[in-house]
Amino acid sequence: MNDKVGIVIVSHSPDVARGTADMVRQMVGTDVPLAWTGGDPGGGLGTSVERIMAAIGDAWSDRGVAILVDLGGAESNSEMAIELLPEERRDRVVVCNAPIVEGAVMAATEAWGGASLEEVRRTAEELSPA
Amino acid sequence: MSDTLETLIKAVTSRIVAAADELTTLDQAIGDGDHGVNMKRGMEAVAAELPKIAAQAPGEALKAAGMQLVMKVGGASGPLYGTLFITLGKELPGPVDRAVAARAFARAIEAVRARGKSDRGQKTMLDVLMPVSDALSAGAPLAELRRIAAEAAAATVPMKAIRGRASFLGDRSIGHMDPGARSSLIMIEAVLDVLEAKA
Numbered sequence: 004m005n006d007k008v009g010i011v012i013v014s015h016s017p018d019v020a021r022g023t024a025d026m027v028r029q030m031v032g033t034d035v036p037l038a039w040t041g042g043d044p045g046g047g048l049g050t051s052v053e054r055i056m057a058a059i060g061d062a063w064s065d066r067g068v069a070i071l072v073d074l075g076g077a078e079s080n081s082e083m084a085i086e087l088l089p090e091e092r093r094d095r096v097v098v099c100n101a102p103i104v105e106g107a108v109m110a111a112t113e114a115w116g117g118a119s120l121e122e123v124r125r126t127a128e129e130l131s132p133a
Numbered sequence: 006m007s008d009t010l011e012t013l014i015k016a017v018t019s020r021i022v023a024a025a026d027e028l029t030t031l032d033q034a035i036g037d038g039d040h041g042v043n044m045k046r047g048m049e050a051v052a053a054e055l056p057k058i059a060a061q062a063p064g065e066a067l068k069a070a071g072m073q074l075v076m077k078v079g080g081a082s083g084p085l086y087g088t089l090f091i092t093l094g095k096e097l098p099g100p101v102d103r104a105v106a107a108r109a110f111a112r113a114i115e116a117v118r119a120r121g122k123s124d125r126g127q128k129t130m131l132d133v134l135m136p137v138s139d140a141l142s143a144g145a146p147l148a149e150l151r152r153i154a155a156e157a158a159a160a161t162v163p164m165k166a167i168r169g170r171a172s173f174l175g176d177r178s179i180g181h182m183d184p185g186a187r188s189s190l191i192m193i194e195a196v197l198d199v200l201e202a203k204a
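The listed protein sequences derive, respectively, from chains A and B. Sequential numbering from 4 applies to the first sequence in our numbering. Sequential numbering from 6 applies to the second sequence in our numbering.
It should be emphasised that the hints constitute simulated quantities derived from the structure, not laboratory data. Glycine is no exception: its CB is placed at the ideal position from the N, C-alpha and C atoms. Some hints here could point you the wrong way.
[Claimed, not checked] In silico SDA-like links for lysine to any residue, alpha-carbon gap of 25 angstroms or less:
#1 165(B) - 74(A)
#2 122(B) - 30(A)
#3 165(B) - 118(B)
#4 57(B) - 44(A)
#5 203(B) - 111(B)
#6 122(B) - 53(A)
[As the list claims (entries may be wrong)] Label-pair distances were calculated between CB atoms; the ranges are:
#7 174(B) - 86(A): 27 to 33 angstroms
#8 53(B) - 26(A): 24 to 30 angstroms
#9 174(B) - 29(A): 32 to 38 angstroms
#10 90(A) - 174(B): 38 to 44 angstroms
#11 159(B) - 90(A): 42 to 48 angstroms
#12 28(A) - 202(B): 57 to 63 angstroms
#13 105(A) - 27(B): 51 to 57 angstroms
#14 125(A) - 145(B): 46 to 52 angstroms
#15 53(B) - 17(A): 22 to 28 angstroms
#16 175(B) - 105(A): 21 to 27 angstroms
#17 30(A) - 165(B): 36 to 42 angstroms
#18 131(A) - 139(B): 31 to 37 angstroms
#19 106(B) - 33(A): 53 to 59 angstroms
[Unchecked claim] Partial list, derived from the structure: chain A residues whose beta carbon lies under 8 angstroms from chain B:
#20 43
#21 47
#22 51
#23 52
#24 57
#25 60
#26 64
#27 65
#28 76
#29 80
#30 83
#31 98
#32 100
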């Protein structure tokens, strides 16, 4: 079992998602469970509920998973993915209202220090304009 | 599943697929230009699964159709229309009369509203769905529902978008019909055509 909150990056663009994950890896290292997904089910720009669910599984930690998203569709598809998770996991996944790149780096840094899911979310969301 | 529900699903899927280019053109004006492509992919997935979907009870069939949209659309409209159909399925497990349908439709729209964190007047699909739902609950005849849906979609043209990608455009979102309002109108017209042909 991982003792650090996991991070999932969801962008409409696979390149943005992968690039953001690269930044997190370079700045925070490999101790934090991390997964990314981007692109719609047809291979275009967009997001896929199925792949978001898989990414949550890949970054799973019993301490929870924080999701960073770019635009509206990524947010609503992530919320849908959370609802479709097994019941015991649903309460331990949150979508952060934060900019995707800065939020992912800050959330991962906080997670690396052993913070709780709520602390990770709060730190990422401090970056959002009020 | 009843023959009527199967006919309804077929009508809705084929009309949306046929309107894909029109929806994309609308979305290029004020959105990210993918509404038609996304809805077409989702509806084609529903159509491909129709034999399997049609083998189920009505409530389960609607839920299965909604899940196809959730999984295959890939844009914000996937969870929104998916939620609409899934909630309809939950609310319509058995025999349907007008009162049951009206209540189920109202609850499904409530779920869409919660999913999109949106409301009437923000230039979205809700601006078509909510007035139609109100009229359905009030007992309006089918022809009147048709008129209300068309007027409601047209009424999104002068609105300023508050939600979604179009909201980034601010005042520049004014002057175009909302693509989600248009796709909702197309679905409602498809349903009304089937119901009127039966009546």
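Going down the list of hints, with the structure as the test:
With a C-alpha separation of about 19 angstroms, the suggested pairing of residue 165(B) with residue 74(A) holds against the 25 angstroms cut-off. At roughly 34 angstroms between alpha-carbon atoms, residue 122(B) and residue 30(A) are farther apart than 25 angstroms, so this suggested pair is violated. Using a Cα cut-off of 25 angstroms, the hinted pair residue 165(B) and residue 118(B) holds, with the two alpha carbons roughly 18 angstroms apart. Proposed proximity of residue 57(B) and residue 44(A) is supported: the alpha carbons are some 21 angstroms apart, at most 25 angstroms.
At roughly 23 angstroms between alpha-carbon atoms, residue 203(B) and residue 111(B) fall within 25 angstroms of each other, so this suggested pair holds. Taken as a hint, the residue 122(B) and residue 53(A) pair is honoured in the structure, with Cα atoms around 22 angstroms apart against an allowance of 25 angstroms. Between residue 174(B) and residue 86(A) the Cβ separation comes to about 30 angstroms, which falls inside the hinted range of 27 to 33 angstroms. Under the hint 24 to 30 angstroms, the C-beta atoms of residue 53(B) and residue 26(A), about 39 angstroms apart, miss the expected range.
Distance hint check for residue 174(B) and residue 29(A): the Cβ-Cβ separation is about 35 angstroms, which falls inside the suggested range of 32 to 38 angstroms. Separation of residue 90(A) from residue 174(B) is about 40 angstroms and conforms to the stated range, judged on CB atoms against 38 to 44 angstroms. Between residue 159(B) and residue 90(A) the Cβ separation comes to about 43 angstroms, which falls inside the hinted range of 42 to 48 angstroms. In this structure, residue 28(A) and residue 202(B) meet the distance hint of 57 to 63 angstroms, their C-beta atoms being roughly 59 angstroms apart.
For the hinted restraint 51 to 57 angstroms between residue 105(A) and residue 27(B), the CB-CB distance of approximately 38 angstroms leaves it violated. Taking the beta carbon of each, residue 125(A) and residue 145(B) are about 48 angstroms apart, inside 46 to 52 angstroms as hinted. Take residue 53(B) and residue 17(A): their Cβ atoms lie about 25 angstroms apart, and the range 22 to 28 angstroms holds. Checked against the given bound of 21 to 27 angstroms, the beta carbons of residue 175(B) and residue 105(A), roughly 24 angstroms apart, stay inside it.
For the pair residue 30(A) and residue 165(B), the beta carbons lie near 40 angstroms from each other, so the given range of 36 to 42 angstroms is met. Taking the beta carbon of each, residue 131(A) and residue 139(B) are about 35 angstroms apart, inside 31 to 37 angstroms as hinted. At about 54 angstroms, the CB distance of residue 106(B) to residue 33(A) agrees with the hint of 53 to 59 angstroms. Among the interface hints, the one on residue 43(A) holds; its C-beta lies about 3 angstroms from the nearest C-beta in chain B, closer than the 8 angstroms criterion.
Below 8 angstroms, beta-carbon pairs count as interface contacts, and residue 47(A) has one with chain B at about 7 angstroms; its hint therefore holds. Checking residue 51(A) against chain B by beta carbon gives a least distance of about 6 angstroms; that is within 8 angstroms, so the hint holds. Because the smallest distance between the Cβ of residue 52(A) and any Cβ of chain B comes to about 5 angstroms, under 8 angstroms, the interface hint for this residue holds. About 12 angstroms separates the beta-carbon of residue 57(A) from the nearest beta-carbon of chain B, more than 8 angstroms, and the hint is not met.
Restraint check, residue 60(A) versus chain B: the minimum CB separation of about 16 angstroms is more than 8 angstroms; hint violated. The interface hint given for residue 64(A) is violated, since its Cβ lies 25 angstroms from the closest Cβ of chain B, which is over the 8 angstroms cut-off. Proximity of residue 65(A) to chain B is violated relative to the hint, the smallest CB-CB distance being about 27 angstroms (cut-off 8 angstroms). Of the supplied interface hints, the one on residue 76(A) holds, with its beta-carbon coming within about 4 angstroms of a beta-carbon of chain B, less than 8 angstroms.
A least Cβ separation of about 6 angstroms between residue 80(A) and chain B falls short of the 8 angstroms threshold, and the interface hint therefore holds. At its closest, the beta carbon of residue 83(A) sits 4 angstroms from a beta carbon of chain B; the interface hint therefore holds under the 8 angstroms criterion. With a cut of 8 angstroms, the hint placing residue 98(A) at the interface with chain B is violated, because the nearest CB-to-CB distance is about 12 angstroms. Proximity of residue 100(A) to chain B is violated relative to the hint, the smallest CB-CB distance being about 11 angstroms (cut-off 8 angstroms).
Hint check: violations occur at hints 2, 8, 13, 24, 25, 26, 27, 31, 32; the rest are consistent with the structure.
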